[in-house]
Amino acid sequence: MAALTDSAPDMAGGAQPGPEPARVLEALELLLGPPSDGDSAAEPGPEPALCPETLRRNAAALEERLSRAAGWAALRQLRAAVLSGAPALAAGAAGAEPGWAAACGLLALLLCLKERLAALAAAPAAPAAPGAPPPPGADTLSAGQERAVRRALRAAVGLGLLPHLPPGLGPGPGLGPPPGTRGARLLAAVAALVELARLPALGAPLLARHLRLLLCGLCALGHGPAALCQGVSEAERAQCREALRDILDRVYQPLAVQELLVLQGQPKQRCPGAGAAPAWLRRLCGHLLSERLLRPSGVQAVVRGVLEGTDGGGGAEAAALDWRKCDAIGKILAACPQQCLSLEDYYRQVCPQILDLLHIQDKVAARQFQRVATTTLLTMAREQPQLAERHLLQPLLAPLRRCSEAAELALEDLTAGAVLVPEAELGTCVEDVLKVYVVGNDSSSLLLGSLQSVLGVVFCLYSFAKQNVSYLRSPCRDILLWFLEKAEREQSLAVLEGLAGLSSHVPTLHPQCQLRVGSEGGAAIVVEETVSDEDEALYQKISLEQCHVESLVELLSHCQKSGLAGDFFIHCLKELTQVAAEDEAAPNPAVEPGGSLLELEQDQARQGRKVLVLQLVAALCQGVSDTVFTDIVQVQQFLAAVLQRACAHPARGPGAAAEAQTLAMAMGLVAAVLGGAVQLKSSDFAVLKRLVPLLEELSRTYPEPLTQELALDLRVAILTHGACSPGTLGTAAHGVLGRQPGTAARSPAGRAPSPPARRDSGTEQSGCREPGASPAPRADSPAPGGLQELLVSAYDPQPPSRAAALRHLASLVTRRDPEAIRLQEKLLQVFLENVKHEDAFVYLSAIQGVALLSSEYPERILPVLLAQYERPAQGKEDTMAAVSRMKLGEVLMRVTRALGDMVFQHREPLIRAFLRGARDPDGALRASSLSNLGELCQHLGFQLGSIIQEVTCCVTAIARTDPEAEVRRAAVHVVVLLLRGLSEKVTEVLRDVLRDLYRLLKHVATAERDAATVLHAQLALEELDSAMRRVLFPPQTLEKKIVVLP
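What the sequence shown shows, in the numbering used here, is residues 2 to 1047, in sequence order.
Don't read these hints as lab results, they were simulated from the structure. C-beta atoms are modelled at their ideal positions from N, C-alpha and C, and glycine is treated no differently. Watch out, some of these pointers could steer you wrong.
Restraint ranges, calculated between C-beta atoms of paired labels, are given here [stated by the list, open to error]:
{"#": "1", "residue 1": "I822", "residue 2": "Q541", "range": "25 to 31 Å"}
{"#": "2", "residue 1": "W324", "residue 2": "S684", "range": "39 to 45 Å"}
{"#": "3", "residue 1": "P1036", "residue 2": "A130", "range": "58 to 64 Å"}
{"#": "4", "residue 1": "K364", "residue 2": "K1042", "range": "24 to 30 Å"}
{"#": "5", "residue 1": "P297", "residue 2": "A419", "range": "51 to 57 Å"}
{"#": "6", "residue 1": "P1036", "residue 2": "W324", "range": "52 to 58 Å"}
{"#": "7", "residue 1": "E432", "residue 2": "W324", "range": "19 to 25 Å"}
{"#": "8", "residue 1": "E432", "residue 2": "P1036", "range": "27 to 33 Å"}
{"#": "9", "residue 1": "N469", "residue 2": "R898", "range": "34 to 40 Å"}
Taking lysine to any residue pairs in the SDA-like style, the calculated list, with each CA pair at most 20 Å apart, reads [as the list claims (entries may be wrong)]:
{"#": "10", "residue 1": "K575", "residue 2": "Q645"}
{"#": "11", "residue 1": "K467", "residue 2": "G519"}
{"#": "12", "residue 1": "K575", "residue 2": "Y540"}
{"#": "13", "residue 1": "K611", "residue 2": "Y540"}
{"#": "14", "residue 1": "K542", "residue 2": "R610"}
Please model the complete structure; the sequences and the hints are all you need to start from.
What follows is the structure, encoded as structure tokens:
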């Protein structure tokens, strides 16, 4: 039994040369006879040709050959030495039972082969010839010899090991050896096979095909009941246990896990005819599997052992089975084995390996390993939250926490520019967080709390990735959106407030750290370098804050369906009211003498917070205001915030106009909702009733009488559920949604509307209707007299009302309304007068109206526009006139685009007007005229004709002599647009002026001081170069022409 632990001595006799391996293999073939067709079967067992009589005949032939044939003496001596070291094999080979005798003979010959191969491997190898490949090892077997070895091993295991396995591991009752001999024979066979496994040349085929049966024998001898091991001493059983662990340690670990799992619970795969696994074997296999798990890289070995061969490619049912298997493995890994000393030690040993499962590079297996890791982590987090946070979540988030402002870093010991978190580590961390949190999708308080601690750093990384080309943008956005969706609404709002910089709920990036673009498309976190220039530092700070605000608004644009964007917008409005109240209550230390430095710092912080809130509100209004509210509750909260601010701080001072306009819009929104813009239910009125106290207070305290009356009317409409709708509500709703003002009178243009009459003066100012009655008609389907009311509204002093009326008039022109066609001159006058308005919303609406009117009726409208565009400015109104002419130029350009190819009919007056504008004293108007001229030339293309000479002379003179860089830049841009519009027709249309244009561009590119003008010149040269290349070197097209002969 010493063969289980120690190598056998040199049985060849030292100085005497041993037999060649080929001689041993010949003896094996003689003992087994010629190979049969079943030789390549996967399961071990006696071959069909090896009946007892054949085994006896083959054994006798081998003995005769060994005793008499020449050249077999060395093998006879080696075989005798092997049998002398293994008495059980010697006794079996000489016994009368043919199967066991043949097995002992095979094992003895295999041990002889092992000794000869080991001796040949230990001998020094002959040196290779120069330039020749190294020769194979002396113990290397040929393909035919390997087949013979596999056949011999299969027969030895089938005859010597399989029949002697105990019930539950081997064949059923009646197929085993005689009573009392099972243990000794099993020990002899196992000892020989373990000795063979020590040599790689024989151990590889043995363990690859017969590992399961060898493990069965070792388990039965080392750990089975004493009744199964009769004739085996305790020392021999201990050696079997040691050999079992040695075999399990040396084989491929996933294979060992697979075999142990089969032994534990699948009798059909264990061996043919085996029954259910006994309890002691199941317990032993569980213990051995736990040992495999606790080894280095044991988690990956267990997972691979279970999952190898399942890639999810068998359809939906197989994929579902794989996912269930992954979840089962995760739950098993989360359970601590019994032999582990403590739960803390198990987590400390296994958790790093679980995190390593997230980094598997194999794309086929990566999804399964990720599922196992995520399931294990989430199960551990539910069962042992403290240990899971310490050993899983903290190491997972360590790179992000390392650079958080909550981390205590000795950054003064680090040099500026030192890398704190490398690019690869940061990218891996973000991807792991995405896999665990977002893909795992478990919104427990532990996971949400741990993720909240690094959301500030993730948001900074997302904002940084938005400014650059980085693969981190999408995973960071998904992480942030997942948290905002899964967390409670109050927690999400607190996080958004922290990300915006209004609170410290979310630790952000450390102030002494900064992000740097990585070489692989990611980002690295480094120690910030000190900026000596204060202006540059201030610029960087302001730019960073602006970028964070834009990123936050972009993030909220994805949260509008859930209502989070609306809730945060309302939260910002309430914060704005609170900041305004604090600003009024707190004294100004800069004005009041005797203020301390602390008060001055507090005032600066308060002012900075106010600016940040205003910036947030403005960005939210611009980014997500169109669909920010998802239900009537959010609308009510928004209105309550506006009304509360109006009650607390009536419009006074320099910002009174903006405050009054905001209040008018809010009250108009209430009137529109009550007037039928939204289908209201009884429950919605219960929500709107929360506004009644604020409206009542506003009607008493607000200084403006019209606002007081409108607040009182809104209060009446809400309390009566819209049954009583005073006329002032229609006027207010018209200012927001363009509703008809009913019978409410409008003032002449340029004057404020007169106060409405009292309610007892008639039914025109106050009308009660039944609930459910239809609201006032819209302006896009005007009743008789509706156009006149729109014309009056076009002079409303409130810009929203005026802009709404202008857009409705433009829609009438688009639909070719007969009344609008009849009054087109009046409409043109209204539009042109509103073009001069200073509010962008108004004059852009007017420009749109003029453009639509001109594109519908160009013959009548264009001459009027061109006449006003060419009219020179006079007196003090030079600046205003220049601005109005530039707006008219925008109108002319919109008309040009709308006319398309029909613009050729109006070519000469348009070009003449723009050429005159290019000589205007105002530099901005000159640049605008040249820009319009360039776009017109681009639209005309080859239709320019002889007028190209005038355009070229004008552009050349301005580009060379104009004193303003903006005008020279516009002149060169005309050339760019001209070349771009002509494309391949450059040489035809610009034949006479092409050389002059080329010289002009070269002059500008070499002599111009303005960088933007030089850039335009370079672009023009590139356009000219590409056009000339297309002309000189036309692309060759490979065509096959088929000619049909007559």
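- prompt: Does the structure keep K611 and Y540 at a Cα separation of 20 Å or less?
  reply: holds (19 Å)
message: For the hint 39 to 45 Å, verify it against the beta carbon of W324 and that of S684.
response: Holds: the Cβ-Cβ distance is about 43 Å, inside 39 to 45 Å.
- prompt: Does 19 to 25 Å hold as the CB distance between E432 and W324, or does it fail?
  reply: holds (21 Å)
- request: Please work out if K467 and G519 have their alpha carbons no farther apart than 20 Å.
  value: holds (14 Å)
Satisfaction of hint between Y540 and K575, Cα-Cα up to 20 Å: Not satisfied, since the Cα-Cα distance of roughly 29 Å exceeds 20 Å.
task: Measure nothing beyond the straight line between the CA atoms of K542 and R610; if it is 20 Å or shorter, mark the hint as holding.
output: holds (15 Å)
- request: Could you tell me whether the CB distance from K364 to K1042 stays inside 24 to 30 Å?
  value: violated (49 Å)
query: P1036 and A130, beta-carbon distance inside 58 to 64 Å?
result: The hint (58 to 64 Å, Cβ to Cβ) holds, given that P1036 and A130 are roughly 60 Å apart.
query: Between P297 and A419, is the Cβ distance one that fits in 51 to 57 Å?
result: violated (33 Å)
field: Proposed proximity, Q645 with K575 (alpha carbon, max 20 Å)
entry: Given pair K575, Q645 holds - Cα atoms ~9 Å apart, limit 20 Å.
- request: Given the hint of 25 to 31 Å, check if I822 and Q541 actually sit that far apart at their C-beta atoms.
  value: violated (58 Å)
field: Hint check for W324 and P1036 - Cβ pair distance inside 52 to 58 Å
entry: holds (53 Å)
In the structure shown, a violation is registered for the earlier hints numbered 1, 4, 5, 8, 12, in ascending order.
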